[in-house]
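Visitor: Quick note, the sequences are listed as chains D, Z and A, same order. Mapping of the first sequence onto my numbering: residues 1 to 280, in sequence order. Mapping of the second sequence onto my numbering: residues 1 to 322, in sequence order. Mapping of the third sequence onto my numbering: residues 1 to 434, in sequence order.
To be clear, the hints were calculated from the coordinates, so they are not data collected in a lab. Remember, it's a predicted structure, so these values are computed and weren't measured experimentally. Note that the Cβ used here is the ideal one computed from N, Cα and C, for glycine as well. Take these hints with a grain of salt, some might be off.
Straight line, CA to CA, 16 Å or less: simulated EDC-like cross-link-like pairs of lysine to aspartate or glutamate [claimed, not checked]: (1) 401(A) - 176(Z); (2) 177(A) - 257(A); (3) 273(A) - 245(A); (4) 425(A) - 212(A); (5) 425(A) - 176(Z); (6) 58(A) - 319(A).
Here are the simulated distance ranges between beta carbons [claimed, not checked]: (7) 95(Z) - 174(A): 44 to 54 Å; (8) 10(D) - 227(Z): 16 to 26 Å; (9) 31(D) - 234(Z): 53 to 63 Å; (10) 405(A) - 217(Z): 30 to 40 Å; (11) 293(A) - 103(Z): 45 to 55 Å; (12) 217(A) - 310(Z): 20 to 30 Å; (13) 171(Z) - 405(A): 22 to 32 Å; (14) 179(Z) - 167(D): 18 to 28 Å; (15) 185(Z) - 186(D): 26 to 36 Å; (16) 405(A) - 103(Z): 19 to 29 Å.
Negatives, chain A to chain Z, calculated, CB over 12 Å [said to hold, decoys possible]: (17) 43; (18) 79; (19) 290; (20) 363; (21) 365; (22) 381.
Each chain, written out:
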Amino acid sequence: MTTSRLTSRTAVNTVVLIAALYTLLPGLWLLLASTKNSDALFGSDILSFGDFSLGQNLRDLFSMEDGVYGRWYLNSLLYAVVGALVGSLISVAAGYAFDKYAFPHKEKLFGLVLAGVMVPPTVLALPLYLVASGIGLVNTFWAVFIPVLFNPFGVYLARLLSNGYVPNEVLEASRVDGAGELQTYFRVSLRMLGPGFVTVFLFQLTAIWNNFFLPMVMLSDEHLYPLSLGLYTWNSSATVSPEYYPLVVIGSLLAVVPLIVAFVTLQRYWKSGLTAGSVK
Amino acid sequence: MSTVLSPEERTGTPPSAVREARPRRAGRRGQLVACATLLAPFTALLVAVFLVPVGYAVYLSLFSEDHTGLGFGGGTTVFTGLRSYLAVLGDPSFRSGFGVIALYCLIFVPAVVVGALALALLLDSGLVRLRRTAQMMLYLPHAVPGIIAAVIWLYLYTPGLSPVIRLFAAADVHIDFLGLHTVLPAIVNIALWSGLGYNMVIFYAALQALPREVIEAARIDGAGGLRTALLVKVPIIRGTVVMVCVFALIGALQLFTEPTLMNQATPMVNSRYAPNMYIYDAAFRRNNYGLASAASVILLIVTCALSYAVTRWTGRKERSPR
Amino acid sequence: MSGRLAAALIVTVTLLLAGCSSSDGSDTAGSGPVHLTFWSALRGTQEVVDEYNRGQNKIRVDYQQVPSGPQGGWAKLSNAARAGNAPDVATMEYPQLPGYAIDGVPRDLTDLLPDSVRRKFMPQALDLTTLDGRIYAVPVDIEPMMFFYRKDVLTKYGIQVPRTWAEFETAARELKKADPGSRLASFFTNGSQHLAGFAWQAGAQWFRAVGDTWHIGMADAPTRKVAAYWQHLVDQDLVRVEPVDSQQWRAHLQSGETVGYMAGAWAAGSLMKSTPDGKGKWAIAPLPQWDPAKPSLGTQGGSTFAVTKDSQHPEEALEFITWMVTSPDALRAKLSSGVSSAYPAVPALVPVARKEMDTSYYSGQDIFGLFQESAALISPRWQWGPRMTSTITSVEDGFAKAGAGSGTVIGALREGERRTLPDLKSLGLSVTTK
Chain D
1 MTTSRLTSRT AVNTVVLIAA LYTLLPGLWL LLASTKNSDA LFGSDILSFG
51 DFSLGQNLRD LFSMEDGVYG RWYLNSLLYA VVGALVGSLI SVAAGYAFDK
101 YAFPHKEKLF GLVLAGVMVP PTVLALPLYL VASGIGLVNT FWAVFIPVLF
151 NPFGVYLARL LSNGYVPNEV LEASRVDGAG ELQTYFRVSL RMLGPGFVTV
201 FLFQLTAIWN NFFLPMVMLS DEHLYPLSLG LYTWNSSATV SPEYYPLVVI
251 GSLLAVVPLI VAFVTLQRYW KSGLTAGSVK
Chain Z
1 MSTVLSPEER TGTPPSAVRE ARPRRAGRRG QLVACATLLA PFTALLVAVF
51 LVPVGYAVYL SLFSEDHTGL GFGGGTTVFT GLRSYLAVLG DPSFRSGFGV
101 IALYCLIFVP AVVVGALALA LLLDSGLVRL RRTAQMMLYL PHAVPGIIAA
151 VIWLYLYTPG LSPVIRLFAA ADVHIDFLGL HTVLPAIVNI ALWSGLGYNM
201 VIFYAALQAL PREVIEAARI DGAGGLRTAL LVKVPIIRGT VVMVCVFALI
251 GALQLFTEPT LMNQATPMVN SRYAPNMYIY DAAFRRNNYG LASAASVILL
301 IVTCALSYAV TRWTGRKERS PR
Chain A
1 MSGRLAAALI VTVTLLLAGC SSSDGSDTAG SGPVHLTFWS ALRGTQEVVD
51 EYNRGQNKIR VDYQQVPSGP QGGWAKLSNA ARAGNAPDVA TMEYPQLPGY
101 AIDGVPRDLT DLLPDSVRRK FMPQALDLTT LDGRIYAVPV DIEPMMFFYR
151 KDVLTKYGIQ VPRTWAEFET AARELKKADP GSRLASFFTN GSQHLAGFAW
201 QAGAQWFRAV GDTWHIGMAD APTRKVAAYW QHLVDQDLVR VEPVDSQQWR
251 AHLQSGETVG YMAGAWAAGS LMKSTPDGKG KWAIAPLPQW DPAKPSLGTQ
301 GGSTFAVTKD SQHPEEALEF ITWMVTSPDA LRAKLSSGVS SAYPAVPALV
351 PVARKEMDTS YYSGQDIFGL FQESAALISP RWQWGPRMTS TITSVEDGFA
401 KAGAGSGTVI GALREGERRT LPDLKSLGLS VTTK
């Protein structure tokens, strides 16, 4: 019994170790590769630290093309952080409303929300472009910002979380105390929804930070690009001008940092939110 | 009193019926106003960002530009009916794009679902050391934006840049990751790397919520770890498995980022490799919005039909008696 | 709350206004010079525009550099035209011109372009911008295909410069025998326009506008002959197979592994920039012929300038364009920004180009004289198709696969034709295949 338990223990740990290595090694490569300049990237062994050019790469990164990389970073932060904040406020409010109130055609409207979840954003991007083009909003900050606020999955999730985190008694008690509905929402319910809100926020943050197709379709001015699109453009230039390769590498490294920071710091919240959400 | 009032109202509320009638009517209206306020921003977005564009896409697919004869000098917008749809369905590059995506789904969806499920079961088995660390590491790729994951892996596939290729070359093994038959698995690999951890966490959360008595019962019955996992745990979280499958399928049908990047690197991925690329190409390179809109609508219909079918099929199986 | 709301509104409006500033059209008439907007990806355009603005006060040109066609330039122009804010003057390459004309982007210039100006152009050039009897653009340059080769390498191995395609195959074979690592030229997997030029030379007509109908045949007899020839070269490993303008292609040219390159005359200048170490080693020869008694030639590359339908000042725009393509000052300004061997569509400008070019790279060879002789051979029997952007993509996908051993050159062309038809049908064009 003990030997078979030992072998199964070894087997399990080996598999998990292999999986962990699989997920980690590309990131490790990225880290090491960002210390190399253009020649070293193509020439030398990945593990050699002969030409340590991290500082130089960083300097080049922020000075290339008048510091457009910094601009891209700022844009991504604006689209993603501010967008996720506003978007999750909107989604949580809607999810809460679906959970706590009854109104005519409620489930039909929720059906539309679910349909929105099923419809992939790429299918919407082209028609959105045409609509924006008609209004004259193409190639502006809003052309990307407004569409990313729409997060039907967040509404679906928020409805579940509101059901789990905000008991109806609290609402009733608040009503009896004479508080208005909106007052109750902002002062009481939202606070109780805390971890749930963070979950929705993180989902949307990831989705927006990742978003590639929509900005690609909407934007042609380089200064409005988010990081994803900017690095893609530099990568296309790299085939013609190889000095872009190390910049893409280190640019990618820096681009990964914010989300990792967000996830590590907000771990507790999203884990509990996820649990509440997936238990049916 | 106790039979008339609901449990909520019993807690510390003055039992005056008159007092309840007036605030309730005002409260009801106040509720509706509040509800509308909370729903308003989202509904506005729903209309502006979802309903209007979908409607416009359908419109464009039915009303497009018509150029008669040689066509010089511009066209007129008329009702062209199904012409754009027929053109799309008759377009060999669109059909081959669907062929590619079908193959991609067949490889990717089972791989990611089975892989994530397996990892979640392993982590749930209690046999893993440093479980939390392992979980964190496995989840990290989700924090890497899709295009960046694609760039990293592309560089790992590129001879000259990749230490992997250099290692193999030293052992005299030459693999071309960007060749005609290897490029699709290469793309699957990128998506798998990105998606395993995220789906694993979902499965793990579901597994953690399982009632422990059932597991104990199985163990008492003499089932080993593997049998418990496969025959007890998985069936209970069936709902989650279906949900993950559906979302993986929907995501897989939208394949765009990875092949768009590979398109620049290898001629084996052309600019209409996947349906989304076809749509982008039709709209922005061929300047043919009727074609692009019709293709979008077709992709939309296929996506909805497939997710509906998968949900129904697994739902029906669940309802059939064992 | 209201203070914050007001602030938010102000910020919103400001951002909206800032973001909405797309390139403005022209000034309305009245006092002050006429403003024109001009989009181009061609190098040296800023210098040309500056020179024009300096030289007169009536017209002010605002130049905006746009990405090259395949990098997004085509889409940018199409989208702008669709939104109604295309620039006054836009650059269009010959193959894309019919497509743009069908979309209604360029203005019909037939009545605005006087005979005196028309006579200045090479007839073949103006033919390519005349569609269904109407002139839609003004040619800038016309690029006869030439053969660039490493003179030192051929001399070293005693290989004759080939004058016919039969001789070319022989020479390629001799080179490979003498130096197994070298090849005489490349088959470009993204070279649909190069192959079009070869087919053009052989007398093919992929697209013909007959009456009111487009006749499409990309696998006619001359094309089959050319495709079979190149297929043979690829199968026998007598040419490199790679994309032009790629890292590997340039590396091969620099190292001497590829000793020949076939492209339009403009490539002479481009070669000087990309392989500076090749100075004194390269020479240019006319493209090999099928039949020296009946020489013919196609082009590869070349652009035109068009006045867009959106333009509110078509006469001024055409005036500016005419200056750009006929004035020696314009050409000199463009060449001041860097080497360019683009062969002007206006023969009168050839002496200017010849004088400005330092041909020491080509050991003093009179390359413009050579270009002039070759340009005279350009066959007038060629028409670009109604949707070249689509055809090019499909053909090049096929070439890439053929290069990797999956499929043939002629197969790629046939497939390219098949894949263009849905586009044309969906536009309602009258199309027939032979």
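Visitor: State for each hint whether it applies.
Guide: How the hints compare with the structure:
For the hint linking residue 401(A) to residue 176(Z), the alpha-carbon distance of about 15 Å falls within 16 Å, and the restraint holds. As the CA atoms of residue 177(A) and residue 257(A) are separated by approximately 13 Å, the hinted pair is consistent with the 16 Å bound. Taking the CA atoms of residue 273(A) and residue 245(A), the gap is about 13 Å. The hint holds against a cut of 16 Å. Restraint check for residue 425(A) and residue 212(A): the C-alpha separation of about 15 Å stays at or below 16 Å, so the hint holds.
A C-alpha spacing of about 39 Å is found between residue 425(A) and residue 176(Z), which places the hinted pair above 16 Å, so the restraint is violated. Annotation: proposed proximity of residue 58(A) to residue 319(A) holds, straight-line Cα distance about 11 Å (limit 16 Å). Separation of residue 95(Z) from residue 174(A) is about 46 Å and conforms to the stated range, judged on CB atoms against 44 to 54 Å. Here the CB-CB span from residue 10(D) to residue 227(Z) is close to 19 Å, well matched to the stated 16 to 26 Å.
Separated by about 37 Å at the C-beta atoms, residue 31(D) and residue 234(Z) break the suggested range of 53 to 63 Å. The supplied range of 30 to 40 Å is broken by residue 405(A) and residue 217(Z), whose beta-carbon atoms lie about 60 Å from each other. Checked against the given bound of 45 to 55 Å, the beta carbons of residue 293(A) and residue 103(Z), roughly 53 Å apart, stay inside it. In this structure the supplied range 20 to 30 Å is violated for residue 217(A) paired with residue 310(Z), their Cβ-Cβ distance being about 46 Å.
Between residue 171(Z) and residue 405(A) the C-beta distance comes to about 25 Å, which sits within the given range of 22 to 32 Å. Between residue 179(Z) and residue 167(D) the beta carbon distance is about 59 Å. The supplied range of 18 to 28 Å is therefore violated. Roughly 51 Å separates the CB atoms of residue 185(Z) and residue 186(D), a value that falls outside the hinted 26 to 36 Å. Distance hint for residue 405(A) and residue 103(Z): a CB-CB separation of about 21 Å, consistent with the stated range 19 to 29 Å.
Its beta-carbon lying about 23 Å from the closest one in chain Z, residue 43(A) satisfies the requirement of being farther than 12 Å from that chain. Residue 79(A), annotated as away from the interface, has a beta carbon of chain Z within 12 Å; the closest lies near 7 Å. No Cβ of chain Z approaches the Cβ of residue 290(A) within 12 Å, the least distance being about 29 Å, so the stated non-interface status holds. Every beta carbon of chain Z lies more than 12 Å from that of residue 363(A), the smallest distance being close to 34 Å; the non-interface claim holds.
Residue 365(A), annotated as away from the interface, keeps every beta carbon of chain Z farther than 12 Å; the closest lies near 35 Å. At roughly 18 Å, the least C-beta separation between residue 381(A) and chain Z is larger than 12 Å, which holds for a residue marked as non-interface.
Of the numbered hints stated above, those contradicted by the structure are hints 5, 9, 10, 12, 14, 15 and 18, listed in ascending order.
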